[in-house]
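Protein chains in written order, with the working numbering: chain Y, 169 to 482; chain W, 169 to 482.
Keep in mind the hints are simulated off the structure, nothing from the lab. Everything hinted at is true.
Where chain W lies over chain Y, by a calculated footprint (3+ residues, C-beta under 8 Å):
1. 237-251
2. 313-326
3. 343-349
4. 419-426
5. 443-453
Quick reminder that beta carbons are idealized off the backbone N, C-alpha and C, glycines included.
Number of protein chains: 2
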Amino acid sequence: MYIGIDLGGTNIAAGVINSEGKLLITDSIPTRNERDSKEIINDMIQLVETLIRNSGFKRTEFKAIGIGIPGIADDNTGNVVYCVNLNWENISLKEPMETSLQIPVFIGNDATVAGVAEYGIGKMKNYKNGIFLTLGTGVGSGVIIDGKAFTGSHGIGTEIGHMVVGDNFYDCNCGRNGCLETFASATALIKYTEKELNAGRKSTLQESIKTSKLDARMIFDAAKNGDELALESVDRLVKYLAIGISNLINIIDPEIFLLGGGVSKAGDFLLDKIRLEVENNKSFRKIDSGIIQLAELENDAGIIGAAMLGKISL
Amino acid sequence: MYIGIDLGGTNIAAGVINSEGKLLITDSIPTRNERDSKEIINDMIQLVETLIRNSGFKRTEFKAIGIGIPGIADDNTGNVVYCVNLNWENISLKEPMETSLQIPVFIGNDATVAGVAEYGIGKMKNYKNGIFLTLGTGVGSGVIIDGKAFTGSHGIGTEIGHMVVGDNFYDCNCGRNGCLETFASATALIKYTEKELNAGRKSTLQESIKTSKLDARMIFDAAKNGDELALESVDRLVKYLAIGISNLINIIDPEIFLLGGGVSKAGDFLLDKIRLEVENNKSFRKIDSGIIQLAELENDAGIIGAAMLGKISL
Numbered sequence: 169m170y171i172g173i174d175l176g177g178t179n180i181a182a183g184v185i186n187s188e189g190k191l192l193i194t195d196s197i198p199t200r201n202e203r204d205s206k207e208i209i210n211d212m213i214q215l216v217e218t219l220i221r222n223s224g225f226k227r228t229e230f231k232a233i234g235i236g237i238p239g240i241a242d243d244n245t246g247n248v249v250y251c252v253n254l255n256w257e258n259i260s261l262k263e264p265m266e267t268s269l270q271i272p273v274f275i276g277n278d279a280t281v282a283g284v285a286e287y288g289i290g291k292m293k294n295y296k297n298g299i300f301l302t303l304g305t306g307v308g309s310g311v312i313i314d315g316k317a318f319t320g321s322h323g324i325g326t327e328i329g330h331m332v333v334g335d336n337f338y339d340c341n342c343g344r345n346g347c348l349e350t351f352a353s354a355t356a357l358i359k360y361t362e363k364e365l366n367a368g369r370k371s372t373l374q375e376s377i378k379t380s381k382l383d384a385r386m387i388f389d390a391a392k393n394g395d396e397l398a399l400e401s402v403d404r405l406v407k408y409l410a411i412g413i414s415n416l417i418n419i420i421d422p423e424i425f426l427l428g429g430g431v432s433k434a435g436d437f438l439l440d441k442i443r444l445e446v447e448n449n450k451s452f453r454k455i456d457s458g459i460i461q462l463a464e465l466e467n468d469a470g471i472i473g474a475a476m477l478g479k480i481s482l
Numbered sequence: 169m170y171i172g173i174d175l176g177g178t179n180i181a182a183g184v185i186n187s188e189g190k191l192l193i194t195d196s197i198p199t200r201n202e203r204d205s206k207e208i209i210n211d212m213i214q215l216v217e218t219l220i221r222n223s224g225f226k227r228t229e230f231k232a233i234g235i236g237i238p239g240i241a242d243d244n245t246g247n248v249v250y251c252v253n254l255n256w257e258n259i260s261l262k263e264p265m266e267t268s269l270q271i272p273v274f275i276g277n278d279a280t281v282a283g284v285a286e287y288g289i290g291k292m293k294n295y296k297n298g299i300f301l302t303l304g305t306g307v308g309s310g311v312i313i314d315g316k317a318f319t320g321s322h323g324i325g326t327e328i329g330h331m332v333v334g335d336n337f338y339d340c341n342c343g344r345n346g347c348l349e350t351f352a353s354a355t356a357l358i359k360y361t362e363k364e365l366n367a368g369r370k371s372t373l374q375e376s377i378k379t380s381k382l383d384a385r386m387i388f389d390a391a392k393n394g395d396e397l398a399l400e401s402v403d404r405l406v407k408y409l410a411i412g413i414s415n416l417i418n419i420i421d422p423e424i425f426l427l428g429g430g431v432s433k434a435g436d437f438l439l440d441k442i443r444l445e446v447e448n449n450k451s452f453r454k455i456d457s458g459i460i461q462l463a464e465l466e467n468d469a470g471i472i473g474a475a476m477l478g479k480i481s482l
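Next up, chain Y with everything else stripped away, as it sits in the complex (with noise of 0.2 Å):
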């Protein structure tokens, strides 16, 4: 058996996975992030007591027990090196939790988490080298090589969101000018949007932003039915992501690039455009790549991608 939890800035949600990957039982709890880290590690320790006890499983049965961080995670020292969701700095994580809970903990950043769920039992279960990303509020990544989570030397390895592949009109969170998540993430792709409807452009969601506050799924609908500007923001965010994944094609050549998170929801109507980029972005048009498809799993991925960073070690 094994433990998931998904530390989110809302809510730590919780669950017990068997050595196939199934959630069988799962708990969550408020995080009330402005409380002090110690208070939220007890709790977490509290839940993860709360679900030995109602799995009905022996303590000794439990194998690990893995956290997902919406921040940067260093497994080797065992600290969140930086989190502003919970405005955690160098908190040691895995030594309390172990000190108390006498199980081995493994912690990880969600992305990556979500890429070891997709690794273990979701469309990433055939290959040995995947980059998945997530393009919600930014961009997230979790890199598999060689079957294992890659994070690099200081745990800074696979912010993929954070690489530079042009210009743009506003800066990124982290200060530089061009991040990949500042072109292709849910954020990115209404602050475009806006700028041309502030700006006056003829749009369908003109309209539609009288009565409603403009979100993805507008901008996607909008250029589903044709409506010049929304297609012309789609098909902003594509081109940077294609020269993203394709950069990724040749950085690390993976087996698979599978696409997640809210953006992704426009399905195959953004899939096919981004198949169709990356391929004219090729830079060895002879040479296979990996190939593009949507991710998977869904919310429980959080959980489930935890609990298996135990079992494909970071």
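On the provided structure of chain Y, position chain W as indicated by the hints.
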């Protein structure tokens, strides 16, 4: 004992190294790359036979032969996938060499091989994760992950010179626009400076190019002497190389970057600028990232690194 072969467009150099990476004897023959691949491969077989004979060691004492190729080599299939200098496409190399010589053969890209040499006996010796960048006619790279040469799933991984990092005034040979090698190679430095000189920019270089063809060293020398255009050219190279290195920090996060190739001969003048610019480019300022140093090994790195392919395995 190990044999390394540096297969170049002009010469084929080879040598014997011992298990400490010490080069014992070398030999070389012209490539005559207009010939059929079979003839060139036969010449390499003969060159190895001569080396074994002259080494004084028995054939059974040779554990492996490694070959560095100026193109894309897939060690899994044993094929040279693509090599523009030799006009090779999908040429089987490992199989005919092994059949004839009865010693295991490993193949790799020449920049990968140079990275392997730095990892084996050079400045990367004490690290497990490092990126070697060779800044010459193009930009090549050798990536070591977890103590192994990393080349991706189809042999096109670590073609880092073809990471797009911005918009450029000319397209890359690969067909894309904005590849790192169109900003950070000697060729790129010369192209930009020539463009500005042709536009009539004032520079001490206007005088120099009356008597000699513009090269990277002339530009670096002029920059060191405070020539405004030359400084601008160097700073442009530094700007984009720093974007590339910062991207690699966010993707692979190695412990060390090594800069080699002709451009790196500019020494500390270049290194200081790059370190400063990479520091300014960091997405995660508070988190350590790889150190940046100049590569150490010179011409023999190609033979030594190739020989070491068999020691560290691709």
